[in-house]
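So the protein sequences, as listed, match chains P and X. For what it's worth, the numbering used here labels the leading residue of the first sequence as 1, then goes sequentially. For what it's worth, the numbering used here labels the leading residue of the second sequence as 1, then goes sequentially.
One should not assume that every hint holds.
To be verified - Pair by pair, the computed Cβ-Cβ distance ranges are:
(1) X:Val309 with P:Gly79: 19 to 27 Å
(2) X:Asp175 with P:Gly233: 42 to 50 Å
(3) X:Thr138 with P:Gly343: 52 to 60 Å
(4) P:Asp287 with X:Gly293: 35 to 43 Å
(5) P:Trp318 with X:Arg3: 53 to 61 Å
(6) X:Met1 with P:Ala368: 51 to 59 Å
(7) P:Ser241 with X:Gly126: 33 to 41 Å
(8) X:Arg51 with P:His205: 36 to 44 Å
Simulated from the structure, these hints should not be mistaken for lab results. Since the structure is predicted, the reported quantities are computational estimates derived from the model, not experimental observations. Think of the CB as a built atom: it goes at the ideal place given N, C-alpha and C, for glycine as much as any other residue.
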Amino acid sequence: MIPPAQACRWLNLEGGVPPVHDPPDPESCRGWIRERDRAGDAVFILGGGGQWFLGNEPERATHILSVRRWDRILDHSPGDLTVTVEAGCPLQRLQETLSEAGQFLPFRPPNYPHATVGGAVATALAGRYGPAMGGMREFLIGIEILHADGRLSHAGGRVVKNVAGYDLCKLYAGSMGTLGIITHATFKVRPLPPASRTGILEFDHLSELLETALSLRNRVEPAALELFRSGTGFRLPGASSQRYGLAIELRDSEGPIEWKSRELRGRCPGIRFLDAAEADSFWKAWDRELCLALEPDNGRAVARISAPAGLLAEVHRWLERVLPGHGLSGHAAGSTLLVLANGAGFLRDLRSRWKGQPVYATLFKADAPLKQGLDVWGPTTQPLPLMRRIKERFDPRRTLNPGRFWGGI
Amino acid sequence: MEREEIRRHLAAIVGEDKVQSHPSELVVYECDALIFHRRPPDFVVYPSTARQIQEIVRLAYANDVPYLPRGAGTSLSGGAVPISGGILIQLSHLNRILDVNPQDRYAVVEPGVINLELSEKVKPQGLYFAPDPSSQSTCTVGGNIGANAGGPHCLKYGTTVLHVLGAEVVTPEGDLVQLGSPQGENAGFDLTGLFTGSEGTLGILTKAWVRLLPIPEQVKTFLADFTSMADATRSVSGIIARGIIPAAMEIIDQLTIQAVENSHFAAGYPTDAAAVLLVELDGLECEIEDTEGLIGRILRNNGAREVLVARDEAQRAKLWAGRKKAYGAFGRLAKNFYLQDTVVPRTRLTEVLEKIYAIADKYDFSVINVFHAGDGNLHPMLPYDAGDPEDVVRVLKAAEEMVRASIDAGGSLSGEHGVGLEKRDLMPYLFSDDDLEVMRGIRELFDPKQLCNPEKILPTTKVCMEFREKGAFML
Ligand SMILES: Cc1cc2nc3c(=O)[nH]c(=O)nc-3n(C[C@H](O)[C@H](O)[C@H](O)COP(=O)(O)OP(=O)(O)OC[C@H]3O[C@@H](n4cnc5c(N)ncnc54)[C@H](O)[C@@H]3O)c2cc1C
Chain P
1 MIPPAQACRW LNLEGGVPPV HDPPDPESCR GWIRERDRAG DAVFILGGGG
51 QWFLGNEPER ATHILSVRRW DRILDHSPGD LTVTVEAGCP LQRLQETLSE
101 AGQFLPFRPP NYPHATVGGA VATALAGRYG PAMGGMREFL IGIEILHADG
151 RLSHAGGRVV KNVAGYDLCK LYAGSMGTLG IITHATFKVR PLPPASRTGI
201 LEFDHLSELL ETALSLRNRV EPAALELFRS GTGFRLPGAS SQRYGLAIEL
251 RDSEGPIEWK SRELRGRCPG IRFLDAAEAD SFWKAWDREL CLALEPDNGR
301 AVARISAPAG LLAEVHRWLE RVLPGHGLSG HAAGSTLLVL ANGAGFLRDL
351 RSRWKGQPVY ATLFKADAPL KQGLDVWGPT TQPLPLMRRI KERFDPRRTL
401 NPGRFWGGI
Chain X
1 MEREEIRRHL AAIVGEDKVQ SHPSELVVYE CDALIFHRRP PDFVVYPSTA
51 RQIQEIVRLA YANDVPYLPR GAGTSLSGGA VPISGGILIQ LSHLNRILDV
101 NPQDRYAVVE PGVINLELSE KVKPQGLYFA PDPSSQSTCT VGGNIGANAG
151 GPHCLKYGTT VLHVLGAEVV TPEGDLVQLG SPQGENAGFD LTGLFTGSEG
201 TLGILTKAWV RLLPIPEQVK TFLADFTSMA DATRSVSGII ARGIIPAAME
251 IIDQLTIQAV ENSHFAAGYP TDAAAVLLVE LDGLECEIED TEGLIGRILR
301 NNGAREVLVA RDEAQRAKLW AGRKKAYGAF GRLAKNFYLQ DTVVPRTRLT
351 EVLEKIYAIA DKYDFSVINV FHAGDGNLHP MLPYDAGDPE DVVRVLKAAE
401 EMVRASIDAG GSLSGEHGVG LEKRDLMPYL FSDDDLEVMR GIRELFDPKQ
451 LCNPEKILPT TKVCMEFREK GAFML
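Bound conformation, chain X alone (with noise of 0.2 Å):
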């Protein structure tokens, strides 16, 4: 089919109005919030019900146009990158919250909703939707699923794939077909489980299950704060082995502390500090009292200066405005930065985050390291210049190598942002062919065609040879 000929169809499936094909306005969609892979698609679409989403789907397979589903398009790993161009299938039509269920908890919605919209809307039911992202004023609950989205308080409530129950997709065939159920039962294989954090390559989303909590009764934020970075993971090791699972616990570091303290969310971290950890208890009031003395005492003991309690709702907020805006308190800073994420035992912390600083050094960055530490989730984040070409060399090798130490350190290549287009190439690093094989029998059994996101998560068989001959990281 030609080019116009399946622009008519879609139009004919979305109407006129709902299709774009114009490179003007395909640009925009060229890319994700990494910025590294680009190539825009041919059409963008704007579907508003499942049934449409069939359609169009059912389109691309019979003329064997690639596509992929898009959220927000937040991916940090390239995800949401239309890279072997076709139709891009824009959801943020389908933003519905469907139902709420307080009883049984759970909420019905459909894959545009604003993550902070769905808790919002259920907050007077007491209720809200666990996962966090750092993002999620603007990520989409089926961007959160597409990714298997983390963020700071999945140190206690796991991370999107815990509040999933179930799942309307459309398969890359074009089936409509529901996967696990309101109650969270799968009659047959978890396939939930398994399609959440595919990164849109087994088929898309169009309504999901998802499970709410009720909202904490008692919340308590502790701020400590370090003369050295080891001493503030050295912390969280120390809590964790103490049997304490807080709801949070984060890191931020000199550099952030002072761009935050010089920035409009200045939060009143000590600026002479060489980090500070966040550290959230929630909860019953019982169970806050019960642990908060302990959490004071390891803090101490393992050298903090100061532990601050947050003495109400306004410093609370004031203390965690500072982390979740933190990348945004670098403001120009830097013209760009690149964030990575790796995760390693919890234990190892202390250990690659001096590796990561030493990898920094060697390649003359500077590095700015905030972070999940609750669950060894680093976020080395590393300011270069993109217009700079020898600059993004230095700055991916670099990255690279940081992987490399986690994945060494006996960690994995990303803890909740993917592995998209960013770190495919990588993971033969982490496994083996034999690994890399049933993956692709998942990928293959689902989409048959490969039109499904192409080109994410697995890498080719080629790229597996050279990286084997190489050991480099391909871009």
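Next comes chain P alone, as it looks inside the complex (with noise of 0.2 Å):
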């Protein structure tokens, strides 16, 4: 996991890094927010910290509190596919243990290797296996929350199916720990495909990979597709600067992906397998390529643009024009866009030459200074006020990952 100080370099803090408070349980942490809740204090909530490149700079940052030694697993019953789990555990510890009995969650959040359950909970990025298998709206059934005056409390619950009040399960999913500090989660699992394969197309211009992966998407059922093109520092095997990648990760039992692979390479001839090993370092690289782009000081700002799919052809043609050079990267059936370019400064003309359509530009990361004047999650659709009453009911003194959301909030 990445250590505090350096998690903190992706901030612009006044003052260094603040004191690290690292609770043995959620329990003896009721006492100690309490109390940064009536002194006014503003408390950074760390997980792994890989994902601490998003999101505005902290409004104020006096304390961090480490939730890294809630790390149980609860309780895994594998007959039932769910899982409770503590904040702190590492997602990959979590993998494991589910693997053992043939079970996974498909999250792949940015900086995979450091990601925490609650880290993950709190950004909602999928990755990868989000579009096909779905993200955490899917499998998040039950949370328990440390709020900012001490009181812990649950939503939802064991069971995969439940319409017991409100569902706040969605709420905290994605609210960046704006809203209150997870402490434990219970998730419906997936069996776990037995095999794999990954198989290569390349294309020379985007619009023809984003109509091939669509047409995919519905005749093989990909686990994942995924778009890539090398440039600014964004280096695949055997990925040039000029045309296209497209990746397409099968998950499955041996027979489906038998009849799959025989399927893609009737419809993309050009479709290039990799054997197990190749394939292993293939989405290694893959996740150290984006891993590099995101590490602070690089110089390097990452975009993720959203837009419907005959729509974010049509972006990214204006992106070459404005930005050439730039790396790709992005969920092909997902219509997301991972843009990797030397500063920040072009978000905000796609913005303005985009407005008023559905296209979706957040800066994803970026160096602490570039940050600053610009509004890296965009302009909202949402009604900002009632997000906003929402942060003064559950948090109104500002405490907790005070200004890193939208809106300030």
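Since each chain sits alone in its own frame, please combine them into the complex, following the hints.
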């Protein structure tokens, strides 16, 4: 996991790294957080630290609360396909336990090797399996929250279907720690597909790639359909900076994989299947390259752009003109691009060019100075007064991760 | 404002012929599909635009008049009952499918669109709307979103919330806002997720962007019959434990089998079976081929006498009709039926079902169990006589005990029908004061005056206290 001082490099903190509080369990943290709240402090919540690049510059940060010692798997019921786990548990460790029972959670948040369960819930960034297998909204079925005033509350439960009152799991997932501290979470999990295979296709134009991806999505239902192009320090083995790559990952049992591979070969004769070792190193390189792009102080910015499939290719054609040579990654079937560039200025132009259209452009990562004066998240289509009221109700003194979220929440 | 003045204002908004206020017109709206709670509204209005809804809500807000949205009124939890009177906003005139986008696989619909009609409309594009409550030929997409409805196939595809990308909503203060987006991007908190299942208490949905799925290439339906219910439930756990998540797994008990086979929905279920289990696989041909053998083995290993595979679409439809029309098949076998909805971890199914039979015995009811076994969602149904006050008290007590038994086994008080009025006062059995306080906070910040579908979901403080003292289900 990333040391707090290093995670802080993503933030522009006056006065250096705040003191780190590292309680052994949520119960013993209740008094501490209540005091911070009363004293008007500002607490930044630390899981793995790998996603601290996200969001606005903090308004204030007087303390860091590390939940890393809350790392137990509280209950895994393989027969129910559910697991309850504390927030600080490394996601990879959870996956290991699940895989012993032939199960898994399809989450690959950025900086995956450092990710904790709580961090994954807080950002709700599913990663490459999200479009096909579902994101946090699908898998989070129960949660416990430590509120700024020291109260503990629960929502949801341990059953896979539940309509008992407001579904607060939905509200907490993706709220970036602005509403409460996640202490533990319950997920429904998926059976782990026993086999996998990766094939690569190349295209001259992104529009062609997107079209192919959408037609393959229906026909072979791949687990992941990721697009990429090398550029701006983003390099994947075998990828050129001229062409667009589409990595198709199948995860299934052997029979369907064979069938789907034949289908892919038939439809896309240019496809190149990787052998197991190649596939492994391809996806490792994929994760590593993204980690590198996201590193603090590397001069790079990463923007996340999402738009309906038809519009996305158009947005990208425009990007080609204003930002030649950028690196690219993204979910081809999820209509999302990650654009890697030197500097973040293009985002302003992009937003004004596509104003009024369903194009969402957020600054995913940028070196701290680049974020200043920039609206990291961009304009929201949701009612900001209502979101502010939610923050006010949950955290009236603005103790938790203040300022990081949309609209300065 | 006087009643007549409110009526005039409403008529000015929607037109004279779209307001009803005569008792004979209102009585139709006094309850939903749960008949225990009744109260007619003071007015029923039929808006046909979001703008009109906005004006109605503003009028209500300014004059402290309660109101609520209603789709088809098939709610089984009293969610659509105007328990405080006021204005009932009937959404059946907002029933247009505004857009279908096959490439991005979503549709834009008004709330009054009937669930099944949406699927039929997009069928030529090879798509469908996955949530499939058994009421799908009458219930509305707005009501599905209000209730976060489920259905047999949500075992694989999830409940309604996973199929809502965005929503246009009139807030309880009368603002027209957008939650989520056609791509499902949230741009902040997942307000769409929070709104879905809020049972009409956080505002009125006026438009939704809903996800469409491709119609599966192939579907295969199995019918396994068992000489004991426990074997059937164990088969369900067995299948899940082997890492197979079928599209649907439904159990039908002996009483129902007999009723179905004696009705014109006769599906060919073996009448001497203690239970039958319907298992449906869907997807690519290769995926089905890969699992069907294993499913057959698991079923047989768990005591299935016979495993029938539907040979064609006609037989498949017949097997399903038995399930979907099961309640109808009981026809006049009892004066009334009380359908309960609880959910338990699937590994506890066998044990909780046994308790349910024991509870029914204790209260001297027969109990019918036709349920979404795959996700542990029980639907015990009790025949009773609504005209006999003692019977009503007894049936409510029995049902409450069944809910408690489910919660005690690590389950929840509703899997898909919602809390509404029916289970409001049982919420403290599942949630602590602090849990409920957080929910209350949500309610208050959306609806400071608590006029939007009042008295639903959350117990009043008084009920909480009485509940704890007496431990009884208040009615
Ligand atoms: C025979 C039968 C079988 C059923 N089977 C199932 C099943 O398998 N699975 C299942 O989940 N349910 C089932 N139900 C319950 C019910 O059909 C569902 O809850 C359905 O979603 C309700 O839709 P509706 O249009 O009738 O909504 P209504 O009953 O009118 O309303 C339901 C709730 O949603 C709110 N609401 C309605 N419209 C809006 C709107 N536009 N904006 C905000 N809130 C709104 C209402 O206020 C109410 O609280 C069944 C009911 C019956 C009678």
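Hints, one by one, checked against the model:
1. X:Val309 with P:Gly79: 19 to 27 Å: Given about 26 Å between the Cβ atoms, the range holds.
2. X:Asp175 with P:Gly233: 42 to 50 Å: 45 Å, holds
3. X:Thr138 with P:Gly343: 52 to 60 Å: Holds, at about 57 Å.
4. P:Asp287 with X:Gly293: 35 to 43 Å: For P:Asp287 and X:Gly293 the Cβ distance comes to about 36 Å; the hint holds.
5. P:Trp318 with X:Arg3: 53 to 61 Å: Holds, since P:Trp318 and X:Arg3 (Cβ atoms, about 58 Å apart) stay within the stated range.
6. X:Met1 with P:Ala368: 51 to 59 Å: 56 Å, holds
7. P:Ser241 with X:Gly126: 33 to 41 Å: 37 Å, holds
8. X:Arg51 with P:His205: 36 to 44 Å: Taking Cβ atoms as reference, X:Arg51 and P:His205 lie about 43 Å apart, which means the hint holds.
Going down the numbered hints, you'll see the structure goes against none, and every one checks out.
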